[in-house]
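**Student:** Letter by letter, the chains look like this.
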Amino acid sequence: MSGRSRFLPYLLLAPSVLFLAALFVVPLVETIAISFSDNGAPTLDHYRRMAGDLNFWPAVKNTFLLVVTVVPLQVAIALGMASMLQKLPRGRDLVLWIWTIPLGVSDLAAGLVWLALLQERGYLNSALAALGLIDGPTQWLTYETPGTLFVGILLAEVWRATAIVFIILVAGLQLIPKEYREAAEIFGASPWTTFRRITLPLLKPSLQTALILRTVLAFEVFAVVYAIAGRNFPVLVGEAYVWQRDNQAYGVAAAYAVLIVVISLAATVVYLRVLRSRTEERS
Amino acid sequence: MAQILIDKVRKDFGAVRALDEVTLDIADGEFVALLGPSGCGKTTLLRIVAGLETQTAGRIVIGGRDLTEVPTRARGLAMVFQNYAVFPHMTVFENIAFGLRMQKADPTRIDAQVRKAAGLLHIEDYLDRHPGNLSGGQRQRVAVARALAVEPPVLLMDEPLSNLDALLRLEMRAELKTVLEQAGTTTIYVTHDQTEAMGLADRIAVMHGGRIVQIDTPTEVYRHPRTKFVGGFVGSPPMNFLPVEVTGGEARLGGLPVPAPVTSGALLAGVRPEDFAIVAPDQGLAAEVLVVEPLGSHTLVTVRCDGATVRVVTPEIIDWPAGRRIGLKPDAGRVVWMDPQSEQAVGP
Ligand SMILES: Nc1ncnc2c1ncn2[C@@H]1O[C@H](COP(=O)(O)OP(=O)(O)OP(=O)(O)O)[C@@H](O)[C@H]1O
Ligand SMILES: [Mg+2]
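Chains A and B, in that order, give the protein sequences. When we follow numbering that gives the first Met the number 0, the leftmost residue of the first sequence carries the number 0, and every step to the right adds one. When we follow numbering that gives the first Met the number 0, the leftmost residue of the second sequence carries the number 0, and every step to the right adds one.
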């Protein structure tokens with residue numbers, strides 16, 4: 000191999016690496032620096048302030064609660080949707096298109112749509128009142144009704160972001176040759192067994208991608224929560240925003256940001272280990 | 000009992016008619032080869048028997064039971080796919096064991112059956128590997144072993160030996176024949192290799208353009224092709240067809256009077272390459288040597304005869320230059336006659 004072709008790949012990768020470094024690594028390093036320093040002196044004060052805040056533990060709890068409910072729900076729904084789509088004899092493109100509409104809606108807009116549906120004088124209450132199930136405008140999204148508030152946010156998040164999981168799984172399913180399922184059927188496997196023993200294992204790489212992407216994004220949930228609940232349902236990114244904008248305490252906001260990055264990275268590592276696809280399994 | 004009746008099956012893919020009124024009656028324990036060129040509908044027919052594809056018209060009946068409404072998994076058959084479909088995420092062992100696991104067979108039986116099938120196909124050393132690290136031919140043998148391990152009453156095989164080298168193919172052919180005969184398995188075996196079909200099958204069904212054009216024993220298909228296509232497709236090198244003019248119930252082939260099945264008119268005389276005797280130039284059909292190919296056990300001579308290319312096989316070792324003039328004398332008793340228009344056989 001000539002020297003030139005040995006370096007060519009690196010040369011071609013260089014622009015994107017530089018781009019990433021400038022726009023991602025530099026701000027990240029800067030954020031870490033801010034979170035650990037006070038007027039140039041190293042300190043853990045920001046982290047202490049963060050952890051000592053009244054909203055900190057509720058924010059941690061709420062964020063994790065959302066992640067562990069929203070992500071499995073989304074994967075299950077997306078798996079069901081993708082499998083159904085596969086079975087359609089025709090009209091697949093239209094259904095695919097309709098199901099992916101939420102992808103085009105910004106998260107703040109999605110939050111506002113659901114707020115309009117669920118608020119005191121929203122569509123849900125009008126419908127329930129018309130059916131005689133409630134007497135008048137009822138509040139679902141307040142500090143006093145944490146249960147329904149949570150369900151409201153959950154619904155909005157599931158509606159908004161299931162489509163991305165769905166798209167990834169549809170692409171993954173299309174990569175599995177139909178002969179594998181047919182062979183399983185020939186040898187007597189039921190549809191459920193075929194799904195469990197053939198489709199699901201072969202879908203592992205796509206599931207891994209979808210899970211990592213959705214989990215990382217779920218830890219960063221903010222706009223939907225902000226639109227529906229304001230600060231009644233504190234989450235990590237929301238707290239970072241409040242410390243940055245309202246309290247002007249950049250160090251504490253940076254501490255939150257670092258915490259979120261660490262949690263996301265940890266989740267990614269967990270997925271990569273648990274769902275490791277051994278090289279010999281691919282053919 | 001697992002006799003198979005394929006009853007007037009038709010299959011349309013949109014405007015394409017892949018199968019046209021295919022009827023095939025296979026006895027219990029019989030081995031039928033489906034032989035035909037690429038795209039003639041062999042795989043489609045097999046998939047319909049398996050229930051993976053639904054026929055446009057017609058029925059599939061196995062052991063007296065109409066299977067039209069029976070899903071694939073309840074048909075109780077095994078299949079070797081043309082592209083293997085060996086599960087990439089399972090070891091070779093698990094692949095071969097798959098059918099038995101679905102039948103909830105007990106572990107000792109599974110182990111024994113898997114080892115037996117793997118041994119038969121010479122893949123017992125790869126049982127712990129994943130298909131990703133196997134060659135194409137090894138993967139194909141896993142697919143065959145997976146189908147044999149369940150000892151099915153009906154076995155469908157779609158070109159199961161296509162990816163093996165000549166020697167291994169010969170060996171596998173013999174082993175398959177023995178095993179399936181012993182087990183009394185009713186087998187449909189798709190191939191476009193005519194020697195494989197001839198060697199293995201009780202009967203050969205020759206397919207062409209979505210139809211079965213002839214179904215007979217290998218010898219019968221070889222000796223008495225029903226159409227010009229069959230004569231050309233079965234046998235290598237293919238049958239030669241010489242245009243002749245019949246008068247008074249006789250055709251003249253190189254000065255030799257040969258009785259014909261019609262009294263007058265134009266016919267095609269079909270002669271197998273080995274049914275020519277090479278004689279002196281003035282004693283038979285005048286021919287000019289184009290190529291001589293020594294093939295070890297015999298010699299293939301390609302000649303030009305009356306403007307047509309004719310292939311002749313002779314057991315003799317010869318070494319003639321191109322351009323040499325020879326005479327060809329057909330074995331009158333082995334000539335088959337075809338109508339030049341319909342390309343169908345005429346006469347007995
Ligand atoms: N799913 C399909 N949709 C449309 N046309 C199809 C489909 N499957 C097969 N065909 C057509 O049906 C015809 C028969 O195909 P088939 O696969 O049965 O051929 P084959 O005899 O198995 O050929 P080969 O020896 O190359 O495997 C072909 O013309 C093919 O293009
Ligand atoms: Mg085929």
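Wrong hints could be hidden among the right ones.
Reference listing, derived: stretches of chain B covered by chain A, where coverage requires no fewer than 3 residues with Cβ under 8 Å from a Cβ of chain A [unchecked claim]:
(1) 86-93
(2) 271-282
Below, a list of computed lysine-lysine pairs in the DSS-like style, where the Cα atoms sit at most 27 Å apart [said to hold, decoys possible]:
(3) 103(B) - 115(B)
(4) 103(B) - 7(B)
(5) 177(A) - 60(A)
(6) 177(A) - 203(A)
(7) 103(B) - 203(A)
(8) 328(B) - 177(A)
Treat the hints as calculated values from the structure; they're not laboratory data. Glycine is no exception: its CB is placed at the ideal position from the N, C-alpha and C atoms.
**Student:** Confirm or reject each hint.
**Tutor:** A quick look at each hint next to the structure:
1. For the segment 86-93 of chain B, the proposed coverage by chain A is satisfied: 3 residues have a C-beta within less than 8 Å of a C-beta in that chain, meeting the threshold of three.
2. Figure legend: the segment 271-282 of chain B, annotated as covered by chain A; annotation inconsistent (0 residues with Cβ-Cβ distances under 8 Å, at least 3 required).
3. For the proposed pair residue 103(B) and residue 115(B), the alpha carbon gap of about 18 Å is at most 27 Å, so the pair holds.
4. Proposed proximity of residue 103(B) and residue 7(B) is contradicted: the alpha carbons are some 36 Å apart, above 27 Å.
5. Between residue 177(A) and residue 60(A) the CA atoms are separated by roughly 43 Å; this puts the pair beyond 27 Å, and the hint is violated.
6. A threshold of 27 Å between alpha carbons decides the hint, and for residue 177(A) with residue 203(A) the separation of about 16 Å falls inside it, so the pair holds.
7. Distance check on the hinted pair: residue 103(B) and residue 203(A) sit about 26 Å apart at the alpha-carbon level, within 27 Å; holds.
8. With a C-alpha separation of about 55 Å, the suggested pairing of residue 328(B) with residue 177(A) is violated against the 27 Å cut-off.
Of the numbered hints listed earlier, those contradicted by the structure are 2, 4, 5, 8.
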